[in-house]
Each structure stands twice: as structure tokens, then as C-alpha cells.
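Chemist: Using the sequences plus the hints, can you model the full thing?
Mapping the first sequence onto our numbering, position 267 (from 1) lands on 267, and the numbers just tick up by one.
Because the hints were derived from the structure by calculation, they are not lab data.
Since we're looking at a predicted model, the values are computed, not measured.
Keeping only pairs whose Cα atoms sit at most 30 Å apart, straight-line, the calculated DSS-like set for lysine-lysine is:
| id | residue 1 | residue 2 |
| --- | --- | --- |
| 1 | 238 | 228 |
| 2 | 99 | 534 |
| 3 | 631 | 584 |
| 4 | 21 | 36 |
| 5 | 531 | 548 |
| 6 | 374 | 36 |
| 7 | 306 | 249 |
| 8 | 102 | 118 |
| 9 | 544 | 534 |
| 10 | 118 | 99 |
| 11 | 814 | 829 |
| 12 | 631 | 21 |
| 13 | 364 | 436 |
| 14 | 631 | 837 |
| 15 | 249 | 228 |
| 16 | 536 | 99 |
| 17 | 814 | 855 |
| 18 | 790 | 855 |
| 19 | 534 | 102 |
| 20 | 855 | 824 |
| 21 | 374 | 387 |
| 22 | 249 | 238 |
| 23 | 29 | 544 |
| 24 | 326 | 238 |
| 25 | 13 | 584 |
| 26 | 530 | 387 |
| 27 | 809 | 746 |
| 28 | 746 | 659 |
| 29 | 7 | 584 |
| 30 | 862 | 746 |
| 31 | 544 | 530 |
| 32 | 99 | 544 |
| 33 | 21 | 33 |
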Amino acid sequence: MSRELDKAYDPSKYESAIYAKWESSGAFKPNPKATKAPFTIIMPPPNANGDLHLGHAMFVIEDIMTRYRRMQGHPTLWLPGTDHAGIETQVVFERQLAKEGKSRFDFTPSEFYDAVMKYTRANQHNIINQLRSLGFSADWSRLKFTLDDDITSIVYDTFIQMHADGLVYRANRIVNWCPRCNAAFADIEIRHRDQIDPLYYIKYGPFVLATVRPETKFGDTAIAVNPKDVRYTQYVGKAIEAESVLGHKFQIQVIADNHVDPAFGTGAVKVTPAHDPNDWEMGLRHHLPVVPVIGTDGRLLEIAGKYAGMPAAEARVAVAADMETKGLMDHIDLSYSHSIAYHDRCGTPIEPLVTEQWWLSVDKLKTAAITAVKSSEIKIIPARFEKVYIEWLENLRDWNISRQIWWGIRIPVYYRVGNSAAGNADTTKTPYLIAKTEAEAREYYGEGNYEAETDTFDTWFSSSQWPFATLGYPDGPDFQQFYPTTVMETGRDILFQWVSRMVMLGLYRTGQVPFRTVYLHGMINDEHGKKMSKSKGNVINPLKMTEKYGTDALRLALTIGITPGNDGALSEAKIEGYRNFNNKLWNVARFILGQLPDDYSPAIPELRSPADHWLMSRLNTAVTDVTGAIKDYRFSDAGQQIYSLLWDDFADWYLEASKSSPNHDLLVHALETILTLVHPIAPFVSEAIWGELPGRSSQLITTAWPVVDTTRTKTVLSVDQIREFDEVVAIVREIRTTRAELGLDKVTAVYASGDMWSLNGDLIARLARNLTIESRNESNGLLIHSSSTKAWLEADQKAIAQTIHRLHKQLDEKRAHLASLEAKLSNAKYVQSAPAKLVGETRTLHAETVASITKLDDQLAKLG
RNA sequence: GGGCAAUUAGCUCAGCUGGUUAGAGCGCACGGUUCACAUCCGUGAGGUCACAGGUUCGAGUCCUGUAUUGCCCACCA
Numbered sequence: 001m002s003r004e005l006d007k008a009y010d011p012s013k014y015e016s017a018i019y020a021k022w023e024s025s026g027a028f029k030p031n032p033k034a035t036k037a038p039f040t041i042i043m044p045p046p047n048a049n050g051d052l053h054l055g056h057a058m059f060v061i062e063d064i065m066t067r068y069r070r071m072q073g074h075p076t077l078w079l080p081g082t083d084h085a086g087i088e089t090q091v092v093f094e095r096q097l098a099k100e101g102k103s104r105f106d107f108t109p110s111e112f113y114d115a116v117m118k119y120t121r122a123n124q125h126n127i128i129n130q131l132r133s134l135g136f137s138a139d140w141s142r143l144k145f146t147l148d149d150d151i152t153s154i155v156y157d158t159f160i161q162m163h164a165d166g167l168v169y170r171a172n173r174i175v176n177w178c179p180r181c182n183a184a185f186a187d188i189e190i191r192h193r194d195q196i197d198p199l200y201y202i203k204y205g206p207f208v209l210a211t212v213r214p215e216t217k218f219g220d221t222a223i224a225v226n227p228k229d230v231r232y233t234q235y236v237g238k239a240i241e242a243e244s245v246l247g248h249k250f251q252i253q254v255i256a257d258n259h260v261d262p263a264f265g266t267g268a269v270k271v272t273p274a275h276d277p278n279d280w281e282m283g284l285r286h287h288l289p290v291v292p293v294i295g296t297d298g299r300l301l302e303i304a305g306k307y308a309g310m311p312a313a314e315a316r317v318a319v320a321a322d323m324e325t326k327g328l329m330d331h332i333d334l335s336y337s338h339s340i341a342y343h344d345r346c347g348t349p350i351e352p353l354v355t356e357q358w359w360l361s362v363d364k365l366k367t368a369a370i371t372a373v374k375s376s377e378i379k380i381i382p383a384r385f386e387k388v389y390i391e392w393l394e395n396l397r398d399w400n401i402s403r404q405i406w407w408g409i410r411i412p413v414y415y416r417v418g419n420s421a422a423g424n425a426d427t428t429k430t431p432y433l434i435a436k437t438e439a440e441a442r443e444y445y446g447e448g449n450y451e452a453e454t455d456t457f458d459t460w461f462s463s464s465q466w467p468f469a470t471l472g473y474p475d476g477p478d479f480q481q482f483y484p485t486t487v488m489e490t491g492r493d494i495l496f497q498w499v500s501r502m503v504m505l506g507l508y509r510t511g512q513v514p515f516r517t518v519y520l521h522g523m524i525n526d527e528h529g530k531k532m533s534k535s536k537g538n539v540i541n542p543l544k545m546t547e548k549y550g551t552d553a554l555r556l557a558l559t560i561g562i563t564p565g566n567d568g569a570l571s572e573a574k575i576e577g578y579r580n581f582n583n584k585l586w587n588v589a590r591f592i593l594g595q596l597p598d599d600y601s602p603a604i605p606e607l608r609s610p611a612d613h614w615l616m617s618r619l620n621t622a623v624t625d626v627t628g629a630i631k632d633y634r635f636s637d638a639g640q641q642i643y644s645l646l647w648d649d650f651a652d653w654y655l656e657a658s659k660s661s662p663n664h665d666l667l668v669h670a671l672e673t674i675l676t677l678v679h680p681i682a683p684f685v686s687e688a689i690w691g692e693l694p695g696r697s698s699q700l701i702t703t704a705w706p707v708v709d710t711t712r713t714k715t716v717l718s719v720d721q722i723r724e725f726d727e728v729v730a731i732v733r734e735i736r737t738t739r740a741e742l743g744l745d746k747v748t749a750v751y752a753s754g755d756m757w758s759l760n761g762d763l764i765a766r767l768a769r770n771l772t773i774e775s776r777n778e779s780n781g782l783l784i785h786s787s788s789t790k791a792w793l794e795a796d797q798k799a800i801a802q803t804i805h806r807l808h809k810q811l812d813e814k815r816a817h818l819a820s821l822e823a824k825l826s827n828a829k830y831v832q833s834a835p836a837k838l839v840g841e842t843r844t845l846h847a848e849t850v851a852s853i854t855k856l857d858d859q860l861a862k863l864g
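Modeler: Here you go:
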């Protein structure tokens, strides 16, 4: 026989060797011989400098799909990659520099870029190895990095094409400026936090205006009131005179704009187009001048006179104090609560200010992206996110794709400086020149001194091209074979940042959707459903869990009980539970292998007993259900089906039943089926056991997914035999329950007649334990209701007395049930409208209930 | 301010297009030295499915409203 297995499954003994074998056998690569439709997933690239967290561990969903399709014979490609993660990495790197007493300004942008690249290259293997340790069957030979030359080249081409199509433009606009990062960010990269700040009521000629930012008053170019506000009608369209905190008098115009809420403050507002998004909009509507007060360093500019050079927060206090001294302050509300914008990555308050940026016109792109989902060319799971996606896109405004950060893909633009040599006066009209490289710039625009653009792309601009860029658009064989990809599986938190933009850019560039289905997973919370955070100390480190309980245990815990789009709760106890499941599977295998003869070789099983038929029917049902569940993205259901199949059906009933005369072929067949079904979720333990099976040289990872085969004569099911074992199970359960409730130890069952008992008596006795069976025509014992023929459980008078109460309770339940069934059947509308099959079932049930009530009545009459 | 989700057993969650008497795991109680497994085996208790209406022969499931919790978006001079 095969060698005996260890008493418990030890994941650490198997995992790395199994993974190495999978990979070296080429199983992770798409099978060139597979003829079905290709199945493709592009892995959302983790930060190349990051550490594995539960968000990455959720990629197990991708692995499940990939393994399932691979086993079904599809050419599968799960393409992994890592992300340079622009600002996120830059912030981390700068923190390190700060520890060494340095900053990025000790470097030129290109030196800085090289330093971060070196750091990234040194770290990248870390996250990759961590992903591999989770058993992910991705094709590492195709690993991509967002800064690989072929990727950046495609990103450049996209930009160039967009520019040629008139979708890209430069403009001065108000943006979310982070003074720490010295860069602009998109709205989506901003978080708002509520805080309490002083609300200053300042005097402005005849007006009193409420503001939290008196330091920006040097940039005020109007006072705005609501057009319906009669208090101020007299001033609208006129200029008023006011006194500056700097001492001089100045004129300022009064405008009427619907944006102003007459109920807030005094109903009049100072308008600072350069430093407030709403004021900027008002400025556009009323053609107001834009006067910057704060520079990109967050300090006040020359226009602020004696406050120039002060950081904004400091200037606010100083200006307010001086205004008070000069009698320009009406009063201050110290308990004003409002929300303030912070940069999501570094936590610095955002300074809205006007800068020149590169913008992408999104109108055409978003229309196509909306249509793709509305027309179901792309399906989002769960479907409710389709609405969210569409609404977000409908409200999307032009996208600022430039960042003044240094770690990223440089925008392919050059400037000619000191260009008298070129002698082309027109260059003043075209201040930027599109070119990928300086050499290309020279080639197109002539010799001269060129300076590269220092702005880089928003990370999301490049990562939105990830699906087609990684596949080698436009000519790569992978692109030809695997695009559009099948599924995009990612966290629901980046539906906007990433998914929607991949659709826009994918459609723009390739004319096809980047993926057919979007599967969104929720966030993984702690055991009480609370968000994990370092400060709460409730963070679960996936690698610690896999080390302790095995990778499969974590994978099962992240699959079962977790539904798409919804947050899931994870506890160590849950993971431990699935470690136990893996051990159960191991021990089932250990038991089966232990009883196979030395020279055993597997054969198609023959069904020889009711239990055999019963098991085969369970296996068939499970194969159908698990296949259906995975196909429908119900991975939790699939996992639960397998769990119950192994533990309840196979281990607790069939294996116990089989002990008297084991059907080796069926035991092996069942084990193999279960291993195959569970493999996508728990690949290691299943492959480890598979490797111990007799006559199996191939790996489970590339074994065919099971199908229900009803044509094999040896395995044609008999409904009667299945029913017979079901009855055995019911009888055993009833005997166990009765005995436990009555506190009996050894019991005797008596049967009057029937094949059921004569054929299955030994089996029942063994499964029920401590049971003797006798054949007699009558008994004063307790009737065994589950038995289709007359049978009793012998018990003494004391036990019988105890049981009368229980029988009454059962009778009450049965009668209540009968009443509900009768109500249904006497309802003409029910009989008429409900499906015939259902009505039939109700009738059968009714008859059965009547019969068991009769039995109970008889028994009670005897006892009482 | 707008939207989405959740509310089912002590805890964490399933419950697909409405259809028998609502499920799982953990926890709990009781009983087990069964030769695969104590990471185990057996038995049990525990739910008027948040609340109020409605549609329907039939509602945990659909509709309306309310409450609580969480999340998203927008805005806050």
C-alpha cells in the first residue's frame, strides 16, 4: 500500500515543495493545447514596496476562478504585476530619507527617481514571494511592473494619441494642492475630516462677512450675495470701498450669485477665486480676476505685504489679530464645525490654488464607459455597483492627469529653452512639444536645447491601461489571445479610481472593453465586523495566520461566509476552524489509504450497497452544485457544499457505514472527487493528498474538473437503494436521540419484519453503537417512527414514563404542522395558483403527517 | 444634503429569480478512552428573520414608511 500518512496534516511540510512543483511543471502558464475559450484575469498590481495584507489575500478569489477554469480545460492566464504606486511610495521613501536627515530636495528629480527605483527593485521580491506563498497560480514568467519600458511606452502612446485627438490640454485651474507633496491631486485622492475652527466675521465696508480664512482676503475680487436677498440688493452691481488690514482703502465689486446661501452667516461672502473651488466657479461666472495669495509652498505671496512668507495657518492668526486691533473684526464664532480637505496619502491639509496642469477631457470616454455597462457588455458583481459606477461617471469632470511628484512616469513632453538656435518664433505659441525622448524631440522639432517636463502621470492614468498594456497591446500574441480579459476581481473601494478608468482607457485605446465581468470583493473586518486598524490593534496579518494554520486554512476562511461586495468578518477562530477541516480531509485520506491493499490500483467503482448508491448520489449533487456555484461566482456556497460533503456525508455517514465491508474503488473515487472539488480553494492540502494516492502520477492542479457521468453502467443510481440508506440514517439518528434524551446506555431494538432490518440491522447496530437487535412480532417499547416497517426500542417502565412527555410534544408539533398543511390544501386559490408540483408535495406531506400522528396516537394509547 | 448596504440563534454570517416546519460555523449544555481524526465523535438547547403597514393562495425574500448601524458621493463662505 501507499505509505502511511502522518497523524495530522502539517502544511509547512508540503506547501513550498508543492508550489515549486506546480510552477516548474509549467502549470501556471496557459496550456497551449487547451482548445476552449481563454480565461484571463489580470491581477491588480500590489505596491512593489508593500507588504502583503488581507486585501491581497482576497486575490484567492482570482486563484479559485483560475484553477477552476484551468481544470475545466480552458487556456488560463492569470497575469501578475506590481505597481510603482506613485505618491504612496514616494511618501514612504521620503519618510525614510527624513530619518537620515535628508529630503527629496537633496536630489534632482532624476536622481530621486533612480534612488526610489533602486529601493523598489530591492524590495519587489518580497511582495512577490508573499503572494506566491498564498499558493497563487499566477504566471510569474509574465510578471509586469508598472514602470517597465514596454508599459511606459504604451502609456506614452496613449497620451500622444489623446493629444492628437484633442483630448489632452493644459490649463490653469484651481486644484487640490498638497503643500507637503508639492503636487496637485484629484478629488478622489482627498479625504474630508470634520473639525472645529474659528469663523471670523470681518468688516468689509458696509458688509460683515463670515470666513474661516481671513488670510486669503488679499485675493478677494468680489463680495457675493444671493440675488433674492433684499438686504443687499442696493449694492449688487456696484463697487464698495473697504479698508484693508494693510492700511489702505480699496474698491471691491458686489455680485449676485445663487451659490450664496442667505441663511448662512450674514448672507454675504467674500469671493477668492484663487483659493476656493466655489469662488473659482463664481469667478468664472462673473469674469472675476484671479489673484493668488498663497504659493505652492503654502506661504503667503508678496501681495500679502507684511504677511508675505508666512505659512497660511500662521498668517490666519496674525491677520485676524491685526484686524481686531484695527477694528475690522466684528466678532468671532469659536465653535464653528466644518470639514477640511486632507491629502489622503500624507495627511497634509489641502490648499486649493491655481496651477497649470495637464487635463484629460473625459466626456467622450465616459459616455463609452457608461454604455459598456448599460449594455451589459461589462457585468458588475454585485449588480448594485453598476448604478454607483454609472452615476459616478455621469458626474465625472475633466481629469487632472499630471502630478508634480517625481516617482512616476514622466509626461512625454519637452520644452525648448534658450531656443534662439532653432530660430523658430512659433515655439512661443506651442510652449510644449510632445515627444517620448529627447532624441525624438530633436528629430521632430529640430536641434536645440531641450528640457524634459518634470510632471509625472497620475498613477491611475497609467494603471488604467494595465489590462491591455500587460498583454502587449497592440501586436503581442497575448493581447491577441487573451484580450478582452474575462474577469477583473478587485476591492470595491477602487471601483472609481481604477475600474471605471480602466474601462474608459481600455475602450479608448483598444476599442474593446478590458474585461467582461467585474467582481468586487468587500473589505475584511475583524471578528466583530469592525474595520481593522493599527491603532485599534485588531489587524490580522495573513502571513502569521498561514504560518500557524496553513495557507489553505486562510484561503477557506476568506472564501466561505464571504459574499461579493459585502464586508466580511475574519477571526483567528474562523481560520482555526478551517485548519481543522483540512486536517479532517487529511485524516479521511489517511484512513482510506491505510486500508487499501499493497497492490491496489484504482478502477471504476461498482455500487454494491445502499450506502454506495447514497454516496454516489451525494457526490453527483455536490459536483453539480459546486460547479454551478463557482460558475455563478458564489464561492462561499461552493466552499460550504464541499465542507458538508466531506464532513457530514462522507466522513460521518459513509465512512462509518463502509467500515464493515469497504468498497475501495468507491472510497478512492469519492476522495478524488472531493479533492478535485476543493482544490481551487484549498490547493495545498488537496495536492498533498493527491500525491499520496496510488496510481496517480499527474498533479491535481491540472486534473480535469469532475462531471456527473450517468452513463457508466457500474454507477447507475437506484432510487430505492438511496432511499434505503436514507432510512438507515434516519433510524440511527432517532435511536441516538432517544437514547441521549432518556439517558440510556445499551439499548435493544426490536423489529417485527421486513427486509429493511434484516438486511441493514448490523449496519444500524454499528452506527448507533451499543445496540442489540432482535426480531420479534410485538414489543412494549418505543416505536421507532423513522422505520417504514414496525420496530421498537426496548426500554424499561421508568424510561417509558419519561418519554410520554416527549411524545406529547412531538404530537403537538405534528398537529400544528398538519393544521398548516390542511389550511393550504383547503384553500382553493392555493391549489389553483401554486405550481402543481408543489401542491403534490404538500399532499404527500399531508399524508405522511397523518400517518405519523396515527403512530404517535397508537403509541401514547399503549403507554398511557 | 443625496445615495447604497446592513438589521436573521449568545457571536460572525448564509439564505439565488417569493413556495414544505428558516440554515451553517463558532460558542453553550449534556454524554463519549468507538482501532482516520480530541485539530475528534454523539445529542441537545437557542430565532414572533429590526419595527409598522401593504401586495399575494403564500413574504426572511417584493412594495411603502420608520428606526438603528456602516459605507460612498457632494457640500459646508
